[in-house]
Amino acid sequence: MEFILSTGRSIWQGEGIEAGCDSELYFDACARVEMDPDDMERLGLKENDAVKVKTRYGEVVVYAKTSTQAPHRGLIFMPFGTWANVVVQPSTECTGMPNCKCIPATTEKTDERVLGAHEAIKIYYADGEWGKRAEELKSYYDIH
Amino acid sequence: MMREIKNVPCPFCGCLCDDGVVIVDDNKIIGTRNLCRIGHQKFAHAQKGRFETPQIRKNGKLEPVSLDEAFDKSAQILANAERPLLYGWCSTSAEAIQIGCELAEACGGIIDCTATLCHGPSLLAIQDQGAPSCTLGEVMNRADLVIYWGCNPMHAHPRHMSRYSVFPRGLFRKRGRRSRTIIVVDPRRTDTAKLADLHIQIAPGSDHMLVHTFREIINSYDVTHETVAGIPADAIRETIEAMGQHQWAVLFFGMGLTQQMGKDRNIDVAIKFIHEFNKYIGTKTVLMPMRGHYNVAGSNVTICAETGHPFAVDFSRGYPRYHPGETTAMDVLYRGEVDAMLNIAANPGTSFSNRALAHLAKIPLINIEPHNQQSMQISDVVIPPAIVGVECDGTAYRMDNIPIKMKKIVDPPENSMPDTVILGEILKRVKEYV
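Order-wise, the sequence lines are chains D and E.
Okay, so the first sequence: first residue is 1 according to our numbering, each after it adds one.
Okay, so the second sequence: first residue is 1001 according to our numbering, each after it adds one.
Hints in this document: simulated from the structure, not taken from any laboratory.
Values in this document were obtained by computation on a predicted structure and should not be read as measured data.
Every residue gets a Cβ at the ideal spot worked out from N, C-alpha and C, and that includes glycine.
Be a bit skeptical, because a hint or two may be false.
Simulated crosslink set (SDA-like; lysine to any residue; CA at most 25 angstroms straight-line) [what the hints assert, rightly or not]:
no.	chain 1	residue 1	chain 2	residue 2
1	E	1362	D	91
2	E	1061	D	129
3	D	54	E	1037
4	D	65	E	1061
5	D	54	E	1031
6	E	1362	D	133
7	D	122	E	1064
8	D	65	E	1037
9	D	132	E	1194
10	E	1408	E	1057
11	D	109	D	44
12	E	1194	D	29
13	E	1194	D	47
14	D	54	E	1261
15	E	1028	D	132
16	D	132	E	1265
17	D	122	E	1057
18	E	1194	D	74
19	E	1362	D	135
20	E	1362	D	22
21	E	1362	D	29
22	E	1405	E	1026
23	E	1061	D	23
24	D	132	E	1198
25	E	1194	E	1126
Listed next, the stretches of chain E that the computed footprint assigns to chain D, with coverage defined by at least 3 CB atoms under 8 angstroms from CB atoms of chain D [unchecked claim]:
no.	region
26	1017-1024
27	1053-1062
28	1236-1244
29	1325-1331
30	1375-1381
31	1407-1414
Output of the computed footprint for chain D on chain E, the stretches with three or more beta carbons under 8 angstroms from beta carbons of chain D [as the list claims (entries may be wrong)]:
no.	region
32	1120-1133
33	1224-1230
34	1357-1371
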């Protein structure tokens, strides 16, 4: 189903990042996509189901959560962090700032595992997984 | 012996609350009072999970080395690089940033701070338009209309509303919250919106359009559409009318405006809106960016004082050059220009976008950071520093550019030195190598 993806801060993300990026607090706070309760129902998702969030720039598996900041039908929210950054638009349009809000995205239920914070950095960037997938999506060289 | 240290500035967000109480027992932090839950975590976690020694990556694994070796290796990497990037600076002292500027000049690199990823576009707009602003004390004493646009202070700046803008009683606002009107503009019904008198739930990505509609009404043009940005035109007219009935208004804006399409242009129109509001309506209106980390405003102030430009300063031609979009950290990484990076007091693992991180993984990364954060996975040199505001003092600037002296609460671990010393040592060695 198609959504608009926004990323941003949440208090639990702030707390998690100060408690340490390898802490459970951080993982719980950031490896998630917050959805409107109506959208969850329409997709047949339950709390804590693994979902794949896909944009033109990448894809990442996170847990679905019912948003505490609802209603926001048609909008999904990911806390600013390792997982959200896999799918944001990296080009900056000559301002120095990537587009982190209002990115067209799709979500689907998946059986894949949610990666840990350090693991995600290692697999996506150190091992080059993000680059490979972006090349498959043919978006590595024409991201605007 | 247990002791309480009072009036401690909190080294987390741009609010820099300086009324914190930290309880220390025998050089160990055991508790805090007055701080928000994020500020509490900052102090509670500061001494846990620290690196004891500097480390260098050998055969794909980080291995402990002596301080001398780590400084030497860092200086070699920076001196041999064609286009090094010195990034971070948001959670360290202004004194360390001064040395950082000198280091950037010595190695002919680019110095950029995390403002590039939060309020960089705001700075661009402020350079274009100017910014009518004020201090937070003035907001507390005078504001009777507070607008939060594209920000969620209940989550990102938890004590902002209770200390500066909404709840405190001020000189001319004796009844605190009851003498103020709060308007929140956000596509989600956030926790801040739940506290507001009016929540304008706009369609995502249409902030620019809505501000323009506000300007249209103020300039006495007709709004021809029935709804704009998902809001009925009548409601927008009524909002402007209600806003005009106040004496002193402040607009706080956050990432909602700077991180979406339009970026600096969104702030441009917001500033124009403020100008016109002052000109035609008569309500005194100011605006202020909601700065993220505690010294991100200070990094702009300091880099500007040292080089003449607020961020993204390139020294590769021997003199400071500023060209956002070309010399900003994200862009040089995105285009793959950078061949070495020094990261200090920031966390690229959580804040850089995918393609920038993909390039960062390929180049040497020197990380001056006390805790095991994600970017350690791709770091080549790790130097643990003392944490500013907890283990060493320094100057930081609040979001309204007021300098505040940070306090030393406890002694740092044995091998952790202040950022100023670490950067000074690297600078000394870089000058020898270059």
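Status of each hint after checking the structure:
| no. | hint | in the structure |
| --- | --- | --- |
| 1 | E/1362 with D/91 | 19 angstroms, holds |
| 2 | E/1061 with D/129 | 20 angstroms, holds |
| 3 | D/54 with E/1037 | 33 angstroms, violated |
| 4 | D/65 with E/1061 | 36 angstroms, violated |
| 5 | D/54 with E/1031 | 42 angstroms, violated |
| 6 | E/1362 with D/133 | 17 angstroms, holds |
| 7 | D/122 with E/1064 | 21 angstroms, holds |
| 8 | D/65 with E/1037 | 22 angstroms, holds |
| 9 | D/132 with E/1194 | 43 angstroms, violated |
| 10 | E/1408 with E/1057 | 32 angstroms, violated |
| 11 | D/109 with D/44 | 9 angstroms, holds |
| 12 | E/1194 with D/29 | 21 angstroms, holds |
| 13 | E/1194 with D/47 | 23 angstroms, holds |
| 14 | D/54 with E/1261 | 19 angstroms, holds |
| 15 | E/1028 with D/132 | 47 angstroms, violated |
| 16 | D/132 with E/1265 | 34 angstroms, violated |
| 17 | D/122 with E/1057 | 15 angstroms, holds |
| 18 | E/1194 with D/74 | 20 angstroms, holds |
| 19 | E/1362 with D/135 | 17 angstroms, holds |
| 20 | E/1362 with D/22 | 23 angstroms, holds |
| 21 | E/1362 with D/29 | 29 angstroms, violated |
| 22 | E/1405 with E/1026 | 24 angstroms, holds |
| 23 | E/1061 with D/23 | 22 angstroms, holds |
| 24 | D/132 with E/1198 | 47 angstroms, violated |
| 25 | E/1194 with E/1126 | 30 angstroms, violated |
| 26 | 1017-1024 | violated (count 0) |
| 27 | 1053-1062 | violated (count 0) |
| 28 | 1236-1244 | violated (count 0) |
| 29 | 1325-1331 | holds (count 6) |
| 30 | 1375-1381 | holds (count 4) |
| 31 | 1407-1414 | violated (count 0) |
| 32 | 1120-1133 | holds (count 3) |
| 33 | 1224-1230 | violated (count 0) |
| 34 | 1357-1371 | holds (count 5) |
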